[in-house]
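Colleague: Residues per chain, in single letters:
6 protein chains.
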Amino acid sequence: MRIALALGGLLLASNVLAQQAPVAAESPEYIKGKETLARVTGAAGSKTVENLQDIAPELGRWVVEWGYGQVLSRPQLDLRSRELATVAALTALGHAQPQLRAHINGALNVGCKPEEVVEVIMQMAAYAGFPAALNGIAAAKEVFAERGVKVNTTP
Amino acid sequence: MRIALALGGLLLASNVLAQQAPVAAESPEYIKGKETLARVTGAAGSKTVENLQDIAPELGRWVVEWGYGQVLSRPQLDLRSRELATVAALTALGHAQPQLRAHINGALNVGCKPEEVVEVIMQMAAYAGFPAALNGIAAAKEVFAERGVKVNTTP
Amino acid sequence: MRIALALGGLLLASNVLAQQAPVAAESPEYIKGKETLARVTGAAGSKTVENLQDIAPELGRWVVEWGYGQVLSRPQLDLRSRELATVAALTALGHAQPQLRAHINGALNVGCKPEEVVEVIMQMAAYAGFPAALNGIAAAKEVFAERGVKVNTTP
Amino acid sequence: MRIALALGGLLLASNVLAQQAPVAAESPEYIKGKETLARVTGAAGSKTVENLQDIAPELGRWVVEWGYGQVLSRPQLDLRSRELATVAALTALGHAQPQLRAHINGALNVGCKPEEVVEVIMQMAAYAGFPAALNGIAAAKEVFAERGVKVNTTP
Amino acid sequence: MRIALALGGLLLASNVLAQQAPVAAESPEYIKGKETLARVTGAAGSKTVENLQDIAPELGRWVVEWGYGQVLSRPQLDLRSRELATVAALTALGHAQPQLRAHINGALNVGCKPEEVVEVIMQMAAYAGFPAALNGIAAAKEVFAERGVKVNTTP
Amino acid sequence: MRIALALGGLLLASNVLAQQAPVAAESPEYIKGKETLARVTGAAGSKTVENLQDIAPELGRWVVEWGYGQVLSRPQLDLRSRELATVAALTALGHAQPQLRAHINGALNVGCKPEEVVEVIMQMAAYAGFPAALNGIAAAKEVFAERGVKVNTTP
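One line per chain: the protein sequences are X, U, C, F, P and Z, in this order. Residue numbers for the first sequence, in our numbering: 1445 to 1599. Residue numbers for the second sequence, in our numbering: 1445 to 1599. Residue numbers for the third sequence, in our numbering: 1445 to 1599. Residue numbers for the fourth sequence, in our numbering: 1445 to 1599. Residue numbers for the fifth sequence, in our numbering: 1445 to 1599. Residue numbers for the sixth sequence, in our numbering: 1445 to 1599.
Certain hints may be false.
As the list makes no split between identical chains, a pair holds if one copy fits it or if it spans any two.
As the list claims (entries may be wrong) - Straight-line distance between alpha carbons at most 30 Å, and here's what the computed DSSO-like set of lysine-lysine pairs gives:
{"hint": "1", "residue 1": "Lys1557", "residue 2": "Lys1491"}
{"hint": "2", "residue 1": "Lys1557", "residue 2": "Lys1585"}
{"hint": "3", "residue 1": "Lys1491", "residue 2": "Lys1585"}
It is worth saying that the hints were derived from the structure and are not from the lab. Since we're looking at a predicted model, the values are computed, not measured.
Bound conformation, chain X alone (with noise of 0.2 Å):
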């Protein structure tokens, strides 16, 4: 039931994105930027989209066109290191507190180990200092809360 409602809200939220803009949802970006979008983000990255429908639409569909179907979906790079790599750019940046939240749960999306994921939010200590870091991992202490995930935390 409870994912019969789940899979609504990303029905939902995909009816949002196809109505939009509908020339622009045709581009092969756009429907390539979708799938990028789901497989990293399930459906928040669809929510936030959706919520930028009465403000600014032509952002939600930057953040899928171009975002998501042109810079995260070239092949040069799989997405697992590129979700460790985009944690570590929000946490040292230290200002986008829910954009790290929904990376963190990108990361774990894509295939990271929770552990991966720690990893490199602690490295950041050495790179952008210990508050930066500390706050990394209160993002990531609340996200693994959410999903029930449990960190292996022997040495």
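Take the given structure of chain X and dock chains U, C, F, P and Z to it, following the hints.
Modeller: For chains U, C, F, P and Z alone, kept in the frame of chain X given last:
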């Protein structure tokens, strides 16, 4: 001959590392740190540490013992993913060009392909904007020119 | 009735401004600053200054006398361009959400159309990345909801 | 004669743009992007794109097709306001001096007065501090010297 | 009674520190770090370390052993100057509010007067802009309210 | 002879300060600002202000009258603590190297020991990462070389 000189430089740097902080140098983390530093940065890392001797030698010890001996030496994540993540983070931060160049070198030294380094920098256009990505690519261009590295740009 | 209360709040705030630093309040820059502050922020700016009275009243005086009385009151650039520029800069910096909301309000108060405010935030996707732009739009969405502002999203 | 050389440079750059990505170059956004890029940056923008050909040509295509063809070409905001906003944002960020110089040029190219460019940079003193504003003014001083632009500093 | 509870919390936290990493806990730096951590942060720092146990215990060890045991424990600079410097830096960075609150507490704990803490935050208006300073003061206001600290605002 | 020249430069700069904004120059804050500026920066600060005369003279006035005459001249905190805090903040921000060098000089000018300046920069490794600290030390190394300052690095 050039190899001999390069090795000479490395030995000189190693001697400095060995002399600088006799007690600390014996800690297992320091020894491990020297190994990882050499693997990631070649002779450039020890040069950085050497340059700190007359002003902030302890900062150099921290880089070796904590940064490389502890943070980067943990087995939970491979050095290739670590270096790509660092390149991404330094590109996004934008204010650490010398360190960005060092870690572009580092990424290549631990086995990343030039195309992967370029890719993770390009990806930062989506997360930190074009200026950050363009300046990151400029740094890569310098490093690749110094090393005689060619990038395969076939899509 | 609600109007009366709002005006009351404004008067109260004005009184605080008048009382807080009797001598400084007489400087031409301070008087000019109060006018520009009121024009840009309505009652919200004086509320911010009021909140500083028990901890850092001089910081409040600097905001009024220097920030609004000197920087923003110079005739070389119109307030509309100034507020769009500030919205852009705070969106790009990413760590000043309360001030970003204040200046989204400020932009509307000095005559910017909601579509222009949205546009300059969207533009930051290219210069500071999607996370900055998405969090900027989220701030605009909150402000627009409070003011009952609708955005025309027809391309 | 100088005009002929400048035009020659522009044509050369245009040829590079035309050759680099034959298919993408035909998209309406790419064509529009080339026009907006030329209008904002003169020949400098195509030079930047040209410099990316041997390392990250797709990043160059993104700059033209998405950055200039989509983000900056939307009619919701005039190019003058857009360039002032970009100058403000890059001044505040502080780590993108080459791009700041490019957009100070861009602001002048689309019709901003030098006094307006100076003004929006000065304004950043209040939002990002004196160091950011002083470094922004230093960038403007370089650009103005190259173009032989004089600023009217009468209050 | 309240004192007893507070001490109880401290003891509990100390036990966690003692248990978490039996071998590392014995290093002189770790022992020194625990002392400095307690002096600067009271029980709050050990709580932060405790919160890391199930997700990134090594990050907690680094905070204690390296951050407090080495960096902050060096005799070259007194803790009062160190905490004022950290409050200034975190105010300027702007994206580390939880750590800023911790170090405002830390500054008071090591003997800074509330007026000095306020002053160094206000000073950041000149180096990082009003938004950073205003958000820093908001953090100080929260901390002072929790501790029942009053600021003497007589000029 | 060298002293005479240096004094001449100072007098020249002072004349510029006196001429640039006849009315403002008479304000008590401006006079106070000139004194504090000279005490903190020697002749370098007036040189910075002088360089602004042909492009943004008002920004120079703000630096003197507000930055030095008001913010830095308040008696609540000694100049030594203020300069160490500024060096810490500019090191952490990482994008203001010319100002960082100016305030490393400033810290020495108001009586900080070179070892204290080095220490507060090293401390930033924990709060803003190694790249920020390493670039801060590089700035200190330049300044110390210009002044012929030696650092005592005995632990």
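Colleague: All hints, please: hold or fail.
Modeller: Each hint tested on the structure:
no.: 1; hint: Lys1557 with Lys1491; result: both (25 Å within a copy, 27 Å between copies)
no.: 2; hint: Lys1557 with Lys1585; result: within (14 Å within a copy, 33 Å between copies)
no.: 3; hint: Lys1491 with Lys1585; result: both (22 Å within a copy, 15 Å between copies)
Of the numbered hints given earlier, the model fails none.
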